[in-house]
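One-letter residues, chain by chain:
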Amino acid sequence: MTEIAYVARMLLRRLWTSHNALTQTHTQHTRHLTSTHTHLEKALPPRPKILDSEIQESFLKGSGPGGQKINKTSSAVQIKHLPTGIVVKSQDTRSREHNRKLARNLLAEKLDQMEKGEGSRMAIKGARMREKKASADKKARRKYRKLGEGKAGGKEGSGDEGMVGVESGAGDEAMDGEDVDGQAGRAQELPPKTKVPSPG
Amino acid sequence: MPRISPSLIRQASHIDQRLVRLLPICRDLPSARNELRWLAEHAATKPGNEHGKRLLEYYIRRRARGEPLQYILGTEYFGDLEMKCRPGVLIPRPETAASVSHLASLLLARQLPPRLRVLDLCTGTGCIPLLLDHELRKRFRDSTTSAEIVAVDISPKALALAKENLAAQPGAADFITFHPADVLWDSDTNENLNEPPSLKEALHARHGHGPMRNYDILISNPPYISPKAFRTTTARSVRHYEPKLALVPPDQRTPRSYDGVTSDEDDAIGDLFYPAILRHAQDLDVKIMLLEVGDLAQALRVAGMIVRQGIWDHVEMWRDEPGYPVIESVLVDGVVITVRGRGSGRSVFAFRGEGRWWLDSDISNEWASTPVSKA
Numbered sequence: 001m002t003e004i005a006y007v008a009r010m011l012l013r014r015l016w017t018s019h020n021a022l023t024q025t026h027t028q029h030t031r032h033l034t035s036t037h038t039h040l041e042k043a044l045p046p047r048p049k050i051l052d053s054e055i056q057e058s059f060l061k062g063s064g065p066g067g068q069k070i071n072k073t074s075s076a077v078q079i080k081h082l083p084t085g086i087v088v089k090s091q092d093t094r095s096r097e098h099n100r101k102l103a104r105n106l107l108a109e110k111l112d113q114m115e116k117g118e119g120s121r122m123a124i125k126g127a128r129m130r131e132k133k134a135s136a137d138k139k140a141r142r143k144y145r146k147l148g149e150g151k152a153g154g155k156e157g158s159g160d161e162g163m164v165g166v167e168s169g170a171g172d173e174a175m176d177g178e179d180v181d182g183q184a185g186r187a188q189e190l191p192p193k194t195k196v197p198s199p200g
Numbered sequence: 001m002p003r004i005s006p007s008l009i010r011q012a013s014h015i016d017q018r019l020v021r022l023l024p025i026c027r028d029l030p031s032a033r034n035e036l037r038w039l040a041e042h043a044a045t046k047p048g049n050e051h052g053k054r055l056l057e058y059y060i061r062r063r064a065r066g067e068p069l070q071y072i073l074g075t076e077y078f079g080d081l082e083m084k085c086r087p088g089v090l091i092p093r094p095e096t097a098a099s100v101s102h103l104a105s106l107l108l109a110r111q112l113p114p115r116l117r118v119l120d121l122c123t124g125t126g127c128i129p130l131l132l133d134h135e136l137r138k139r140f141r142d143s144t145t146s147a148e149i150v151a152v153d154i155s156p157k158a159l160a161l162a163k164e165n166l167a168a169q170p171g172a173a174d175f176i177t178f179h180p181a182d183v184l185w186d187s188d189t190n191e192n193l194n195e196p197p198s199l200k201e202a203l204h205a206r207h208g209h210g211p212m213r214n215y216d217i218l219i220s221n222p223p224y225i226s227p228k229a230f231r232t233t234t235a236r237s238v239r240h241y242e243p244k245l246a247l248v249p250p251d252q253r254t255p256r257s258y259d260g261v262t263s264d265e266d267d268a269i270g271d272l273f274y275p276a277i278l279r280h281a282q283d284l285d286v287k288i289m290l291l292e293v294g295d296l297a298q299a300l301r302v303a304g305m306i307v308r309q310g311i312w313d314h315v316e317m318w319r320d321e322p323g324y325p326v327i328e329s330v331l332v333d334g335v336v337i338t339v340r341g342r343g344s345g346r347s348v349f350a351f352r353g354e355g356r357w358w359l360d361s362d363i364s365n366e367w368a369s370t371p372v373s374k375a
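Going down the list, the protein sequences come from chains A and B.
Mapping of the first sequence onto UniProt numbering: residues 1 to 200, in sequence order.
Mapping of the second sequence onto UniProt numbering: residues 1 to 375, in sequence order.
To be clear about the criterion: a stretch of chain B counts as covered by chain A if any three or more of its residues have a C-beta under 8 angstroms from a C-beta of chain A, and this derived list gives those stretches:
id: 1; region: 31-38
id: 2; region: 67-78
id: 3; region: 87-94
id: 4; region: 220-229
id: 5; region: 236-242
id: 6; region: 340-351
Straight-line C-alpha distance at most 25 angstroms; calculated DSS-like pairs for lysine-lysine:
id: 7; chain 1: A; residue 1: K125; chain 2: A; residue 2: K101
id: 8; chain 1: A; residue 1: K49; chain 2: A; residue 2: K101
id: 9; chain 1: B; residue 1: K138; chain 2: B; residue 2: K163
id: 10; chain 1: B; residue 1: K84; chain 2: B; residue 2: K157
id: 11; chain 1: B; residue 1: K84; chain 2: B; residue 2: K138
id: 12; chain 1: B; residue 1: K84; chain 2: A; residue 2: K72
id: 13; chain 1: A; residue 1: K101; chain 2: B; residue 2: K138
id: 14; chain 1: B; residue 1: K84; chain 2: A; residue 2: K101
id: 15; chain 1: B; residue 1: K228; chain 2: A; residue 2: K72
id: 16; chain 1: A; residue 1: K80; chain 2: A; residue 2: K101
id: 17; chain 1: A; residue 1: K72; chain 2: B; residue 2: K157
id: 18; chain 1: A; residue 1: K116; chain 2: A; residue 2: K80
id: 19; chain 1: A; residue 1: K42; chain 2: A; residue 2: K133
id: 20; chain 1: B; residue 1: K244; chain 2: B; residue 2: K157
id: 21; chain 1: B; residue 1: K244; chain 2: B; residue 2: K84
id: 22; chain 1: A; residue 1: K80; chain 2: A; residue 2: K49
id: 23; chain 1: A; residue 1: K116; chain 2: A; residue 2: K42
id: 24; chain 1: B; residue 1: K157; chain 2: B; residue 2: K200
id: 25; chain 1: A; residue 1: K49; chain 2: B; residue 2: K138
id: 26; chain 1: B; residue 1: K46; chain 2: B; residue 2: K84
id: 27; chain 1: A; residue 1: K72; chain 2: B; residue 2: K244
If you are wondering where the hints come from, they were derived from the structure by calculation, not from laboratory data.
Glycine is no exception: its CB is placed at the ideal position from the N, C-alpha and C atoms.
With the sequences and hints as input, model every part of the structure.
Written as structure tokens, this is what we have:
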């Protein structure tokens, strides 16, 4: 029941804002009510292109005989970027070809981050995520402050970071914020289900 | 096989007891973790999820006993393609895919005959024709060239699976056909209707009787493991679960004596398919040939056979990663032979006549400087 009430409230609010949007001039950035606003955002800058001549690729399958004599299941791919010495590894999928693409994407994002810092694809992605999270938090706080006077509902909508557990050999800082696009916002917006006080 | 260190077992048991059971077959922790994840993902796709745990348990038990992961999951990736796999048919190997892709990358769409004719012997799952077709159609997108691929195998199980794999690749059925044939049996007529036909008979059946039609490219990954190597160097999971028919050539010595096989005799059994394939290549007027081999020693023996056949303009050996920019050369029967790439010796490549003009010119210029001729 609380879910239905929640959806109804969201719909009402959306109507209200779109009404406001029609009557008021846009002095401020439209508030994000759902996480499906990505089409309004500017496209992320592309990943930098990596030349094949700049990388050294190796397939990690150990030494010894190959071909018909063995049957290794390792599809891991490791690439080393020769100018910087950065090494990334991908072994997520059973397809070596797919792992090659994944490893190249990872490397591209790492290089981008090194080169551009704040202006890099990952940094922009991360900043957008934080912005969404902050606005969701703020909204949640405001809501619960209003609704939750004296009640137990004043909890902030935090907790689940929405990080999808993709295990990757190179899954360190370059992976942060990956795969959560659009999900974190949703996760943050949903208040803890059991503690939603019904309106009125 | 070295034992798994106790510290590694302890490390695995801290993460997940199931990893400990997969360690002996996977040999290292990252592989065990990957395989456990893939098995769990596969179990989750099966209907009737209430038994998901039990199904996963069953998969782990089979894998821990040594059954190849690809037979449990039912597929293996080969280049960009996912091929169906079943017991009784050899699982495609990534090294084969690397050789096939490298060959495709050398072919020049504009120079090739408009209807390129390719023959694949001992096709197994059909992985080679399917990947070659996939790569060539990518490469020929802007030209009118197309490839017609005929692939044969002696095993009815392999042919049935190859046809399933063909049906799973959109559009491939227009370019590829599979036929039963015995590559080793050299005969024009099929005397025994219960036996698979000879290659010539199979090709006659394909094209109709009359003068034998030629083929431009011949590829093969035949059985190439000698009986001794099968007993001593083949991985347990291969030896116990994959079909020996696809791995070890038949012992055709008469009379067969199992004691006292010299190492030369043993090698000769391992090499049994290559002379037969070379004869077919000559009879079918093949211009480009790519044959997989077990290691560099076998590559040297096969390169020797090709040089002695005396009809080829250029021979080279490819390693596991033939595109890797390292080139060495070795002397075979007084001829300097290029060894290309990185890894174990994996295949022998040869061309002649027009074949030269179908291949990337940068490389064929380099080839022009080292013609195969008896010194």
